[in-house]
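Residue numbers (the UniProt record's numbering), protein chains in the order written: chain A, 1 to 352; chain B, 1 to 352.
No wet-lab data here; the hints were simulated from the structure. Mixed in with the good hints there might be a few duds.
The list cannot tell twin chains apart, which means a pair is met if one copy fits it or any two copies do.
[To be verified] DSS-like mimics (lysine-lysine), calculated; alpha carbons at most 25 angstroms apart, straight line:
| # | residue 1 | residue 2 |
| --- | --- | --- |
| 1 | K192 | K3 |
| 2 | K267 | K243 |
| 3 | K243 | K3 |
| 4 | K149 | K267 |
| 5 | K44 | K218 |
| 6 | K243 | K149 |
| 7 | K3 | K149 |
| 8 | K122 | K192 |
| 9 | K122 | K3 |
| 10 | K243 | K192 |
2 protein chains.
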Amino acid sequence: MSKPTLAVVGATGAVGTVMLDILSNRPDVWGEIRLIASPRSAGKVLRVRGEDVVVQALSPEAFDGVDVAMFDVPDEVSAEWAPIAAARGAVAVDNSGAFRMDPDVPLVVPECNPEAARVRPKGIISNPNCTTLSMMAAMGALHREYGLKALVVASYQAVSGAGVAGPERLYDEVAALAGDRAIGTVAGDVRKAVPDLADSPFPAPIAFNVVPWAGSLKEDGWASEELKVRNESRKILGIPDLKVSATCVRVPVVTTHSLAVHATFSKPVTVEGARAILDAAPTVVVLDDPAAGVFPTPADVVGTDPTYVGRIRQALDFPDTLDLFVCGDNLRKGAALNTAEIAELVAAELSA
Amino acid sequence: MSKPTLAVVGATGAVGTVMLDILSNRPDVWGEIRLIASPRSAGKVLRVRGEDVVVQALSPEAFDGVDVAMFDVPDEVSAEWAPIAAARGAVAVDNSGAFRMDPDVPLVVPECNPEAARVRPKGIISNPNCTTLSMMAAMGALHREYGLKALVVASYQAVSGAGVAGPERLYDEVAALAGDRAIGTVAGDVRKAVPDLADSPFPAPIAFNVVPWAGSLKEDGWASEELKVRNESRKILGIPDLKVSATCVRVPVVTTHSLAVHATFSKPVTVEGARAILDAAPTVVVLDDPAAGVFPTPADVVGTDPTYVGRIRQALDFPDTLDLFVCGDNLRKGAALNTAEIAELVAAELSA
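The task is simple: from the sequences and hints, build the whole structure.
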């Protein structure tokens with residue numbers, strides 16, 4: 001058959017923009033690439049694979065002839081439109097939270113559970129949340145060898161995880177504060193100096209600060225993002241009783257989520273063994289030579305595809321446990337890249 | 001007896017500067033307050049308790065007549081001079097790492113082990129490391145009720161923990177990057193745009209970044225700061241077999257360390273019970289109403305004395321375990337304030 005047709009829904013958003021860049025640099029498995037967005041953005045011309053493409057307005061007919069439709073839109077838009085795309089014959093690959101925990105929708109990380117992408121009773125495949133995704137390639141590799149039992153995770157999440165408004169807000173706050181060489185030294189001085197917080201996607205100042213909150217409030221004080229790390233890790237890795245505690249914290253980094261991970265396994269672990277496993281994982285890069293100043297940091301890995309792991313240590317007091325520091329670009333592997341990889345799995349299946 | 005004489009050694013440093021402010025606002029238990037610094041700073045005039053005081057050069061004679069000598073200087077300076085001060089009859093209260101793990105030197109947090117300050121065979125009392133101190137008031141209160149067994153900690157450490165050069169560096173980097181509304185989006189762009197890293201106290205850019213490193217390299221890939229959290233928590237709380245894993249990460253915050261803490265106890269815990277204990281602790285403030293946007297952040301608590309706790313959650317999968325987010329000003333309770341409180345314990349003892 002001819003190459004399948006791909007639709008990118010939400011092509012003008014933060015993840016959509018990265019998606020167009022990624023699609024321009026991946027193996028050319030697609031025939032037509034159709035760009036779809038809200039009526040407000042329809043008519044815009046965007047560049048993908050070296051061609052100018054006019055953005056179409058979201059409508060049922062926009063999915064006619066589409067084989068795979070990627071969705072990078074808010075939950076409620078995906079909830080409405082992914083089933084419409086599926087009903088029109090497309091496989092929907094959805095990056096929202098709308099379907100991730102639906103038992104009839106697979107949640108796929110190609111390094112962990114590629115086979116799950118083939119079983120999609122609703123015609124929908126979900127892409128995991130960016131925080132979970134930032135560590136899955138690494139944790140999946142270690143799990144296959146050692147059997148993961150428990151994760152204690154603290155995140156250092158970039159502002160672009162909140163959409164295009166996140167970096168805009170950080171740049172605005174930094175611009176308002178730069179040049180004040182006493183800022184951040186008196187309680188509330190940052191809060192007073194930044195633009196109106198009512199206009200921020202964050203519930204507190206994010207420049208010169210860290211904010212222990214991501215997502216919405218769920219029961220017993222948990223943030224939705226923290227529960228996603230738990231529930232999605234369990235589903236992706238196929239470990240229903242995986243023990244997880246996550247604390248999600250926003251930091252003044254534009255793009256690339258970092259995670260301090262305390263991972264307990266069912267078999268004995270060694271640093272050398274873990275390093276060998278991670279070195280051998282095709283999409284994982286080990287940066288771990290602190291004596292030489294080598295460890296992953298967001299500023300050094302942003303805009304690239306791999307999952308980076310450093311600071312690999314054997315826990316001194318906890319058996320079969322490793323402490324790690326993991327970085328992954330939340331817009332690439334954490335969102336657009338993984339979605340593209342899932343779509344390519346489907347394309348290969350359709351072309352087979 | 002008349003009020004005891006206090007010496008502040010390192011009066012011109014990052015912690016020393018905060019110390020003078022703190023001494024100007026604490027109960028007036030001191031007679032003379034003598035300021036001591038390196039010969040380079042001698043002759044400077046600094047203000048404390050509303051008076052101008054001329055800084056004296058560090059010398060053995062500078063300790064004559066001193067009852068309590070606080071040291072806020074590098075390890076090697078303390079290692080040499082705290083014993084000299086003690087030999088001259090002063091009780092040395094040392095904020096360096098030189099003596100913290102010495103079995104003949106008590107390591108004191110007044111909320112946790114005030115009685116330890118009375119037994120000081122070397123005439124020296126150590127003040128804990130700022131990262132450990134930022135959570136001790138809270139963890140000590142919970143330990144007394146529930147019996148602490150294990151801590152998994154990830155830190156969000158402020159740049160002023162690295163001394164006055166830390167904030168200077170952060171301000172310099174922010175000044176170099178502000179106005180570039182694409183910075184932080186390409187690997188290495190921050191590294192290229194900031195001033196020469198050879199002049200930085202940090203091993204990677206700290207603006208628009210997080211750096212998973214604090215201290216010096218110890219065996220098996222651990223950073224000295226991470227081992228301090230383990231060893232000092234054990235000593236302060238009197239739990240020699242406390243299980244601890246810490247990952248220490250520097251963030252672009254000027255002052256106030258934050259910690260994501262996963263704490264396991266020997267008795268059943270509840271969020272309500274923990275909140276009541278922390279609410280009752282005199283130096284702990286609970287900020288924990290995420291629905292109203294209430295949780296501690298560095299920008300809101302910097303420059304104040306308490307230990308702040310929020311995001312109190314019962315771990316979903318780990319028995320007898322709480323997840324918390326803790327903030328404390330690393331220059332105040334994390335350094336100068338705790339040193340002042342220890343010195344006041346000694347002053348009360350000397351005056352009794």
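Now the hints, each set against the structure:
Taking the closest pair of Cα atoms, K192 and K3 never come within 25 angstroms of each other, the shortest separation being 55 angstroms inside a single copy and 42 angstroms across copies. Within a single copy, K267 and K243 get their C-alpha atoms as close as 16 angstroms, and across copies as close as 19 angstroms, so both meet the 25 angstroms cut-off. Taking CA atoms no more than 25 angstroms apart as the test, K243 paired with K3 passes in neither setting, with 42 angstroms inside one copy and 56 angstroms between copies. For the identical chains of this complex, K149 and K267 are neighbours both inside a copy (10 angstroms) and across copies (23 angstroms), given an alpha-carbon limit of 25 angstroms.
In this assembly of identical chains, K44 and K218 lie within 25 angstroms of each other by CA distance neither inside one copy nor across copies; the values are 38 angstroms within and 56 angstroms between. Taking identical chains as interchangeable, the C-alpha atoms of K243 and K149 lie at most 25 angstroms apart whether they share a chain (6 angstroms) or sit on different chains (18 angstroms). Taking the shortest Cα distances, K3 and K149 never come within 25 angstroms of each other, neither inside one copy (42 angstroms) nor across copies (59 angstroms). Taking the shortest Cα distances, K122 and K192 never come within 25 angstroms of each other, neither inside one copy (49 angstroms) nor across copies (48 angstroms).
In the homo-oligomer, the alpha carbons of K122 and K3 lie at most 25 angstroms apart inside one protomer (23 angstroms), although the nearest pairing across protomers, at 80 angstroms, exceeds that limit. Taking the closest pair of Cα atoms, K243 and K192 never come within 25 angstroms of each other, the shortest separation being 41 angstroms inside a single copy and 41 angstroms across copies.
Going through the hint list in order, the structure does not satisfy hints 1, 3, 5, 7, 8, 10.
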